[in-house]
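Trainee: Take a look at the letters that make up each chain.
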Amino acid sequence: SQQGEEDPQALSIQEGENATMNCSYKTSINNLQWYRQNSGRGLVHLILIRSNEREKHSGRLRVTLDTSKKSSSLLITASRAADTASYFCATDARAAGNKLTFGGGTRVLVKP
Amino acid sequence: GAVVSQHPSWVICKSGTSVKIECRSLDFQATTMFWYRQFPKQSLMLMATSNEGSKATYEQGVEKDKFLINHASLTLSTLTVTSAHPEDSSFYICSVPSLPGELFFGEGSRLTVL
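Chains as they are written, first to last, in my numbering: chain A, 1 to 112; chain B, 1001 to 1114.
Rather than coming from a laboratory, the hints here were simulated on the basis of the structure.
For every residue, glycine included, the Cβ atom is placed at its ideal position computed from N, Cα and C.
Treat the hints with care, as some may be off.
Which residues of chain A face chain B? A few of them, derived with a C-beta cut under 8 Å, are [claimed, not checked]:
id, residue
1, E15
2, A19
3, N31
4, Q33
5, R36
6, L43
7, H45
8, L48
9, K56
10, F88
11, F102
12, G103
13, G105
14, L109
15, P112
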């Protein structure tokens, strides 16, 4: 079963708007990662946030982590059409043998 | 440039045939590689962990004899789908772990079994 559940499953926004997606998980984690997947392609690592971190930035990306609520959010600011993709959270948890477990993903469509 | 190379990117085969997919780590040696399967509009499901020089570790519910994994060198792992059937049609993706814990993914291989 999947460790992470993502919300929303799909998101459609206009270019320039911000996109926010959330990830909830069930067990304690070592870190949480976000990946991006263009249609029919492999995944690309975006950002990793450790369990003792609360917020992290990378360019137009902002990730938060709330371990008390077992949730994380990914914010893409000033979105561009090229940001259209599926975004997955993945958790690295000792209970899973330190293997990454992926959430269901959020499909983001940025309309020009 | 690409860190992980996966080949072929797509393959169509007849039911009953076997298909081999290669995953190469280009930039560094990989004692471990991961194989995932992804159905349309769904998440990645870990199939197995490929271990260089030893047997692969399969996830629960994954048939070892159906999905043969060989990791003969530190840069190459192969996944062979044996006696493929239409239900094996899927997107197969390999990944290589790096420090500090993130994964580099191949571009995936789309298998269509007729």
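Trainee: Hints first: check each against the structure and report whether it holds.
Mentor: Hints and how they fare:
1. Using the Cβ-Cβ criterion of 8 Å, the hint placing A:E15 at the interface with chain B is not satisfied: the shortest such distance is roughly 23 Å.
2. Taking 8 Å as the C-beta contact cut-off toward chain B, the hint placing A:A19 at the interface is violated, the least distance being around 18 Å.
3. Using the Cβ-Cβ criterion of 8 Å, the hint placing A:N31 at the interface with chain B is satisfied: the shortest such distance is roughly 6 Å.
4. For A:Q33, the suggested interface contact is upheld, since its CB lies about 6 Å from the closest CB of chain B, less than 8 Å.
5. The closest approach between the C-beta of A:R36 and any C-beta of chain B is roughly 10 Å, which is over the 8 Å cut-off, so the hint fails.
6. Interface hint at A:L43: satisfied, since its Cβ lies 4 Å from the closest Cβ of chain B, which is below the 8 Å cut-off.
7. Because the closest C-beta pair between A:H45 and chain B is about 5 Å apart, less than 8 Å, the hint holds.
8. Proximity of A:L48 to chain B holds as hinted, the smallest CB-CB distance being about 6 Å (cut-off 8 Å).
9. Checking A:K56 against chain B: minimum C-beta separation of about 13 Å lies over 8 Å; hint violated.
10. Annotation: interface hint on A:F88 holds; nearest CB of chain B at approximately 7 Å, less than 8 Å.
11. The interface hint given for A:F102 holds, since its Cβ lies 5 Å from the closest Cβ of chain B, which is under the 8 Å cut-off.
12. Given the 8 Å rule on beta carbons, the hint for A:G103 holds: about 6 Å separates it from the nearest Cβ of chain B.
13. Because the closest C-beta pair between A:G105 and chain B is about 6 Å apart, less than 8 Å, the hint holds.
14. Given hint, A:L109 at the interface with chain B, is violated; its Cβ is 13 Å from that chain's nearest Cβ, farther than 8 Å.
15. Interface hint at A:P112: violated, since its Cβ lies 23 Å from the closest Cβ of chain B, which is beyond the 8 Å cut-off.
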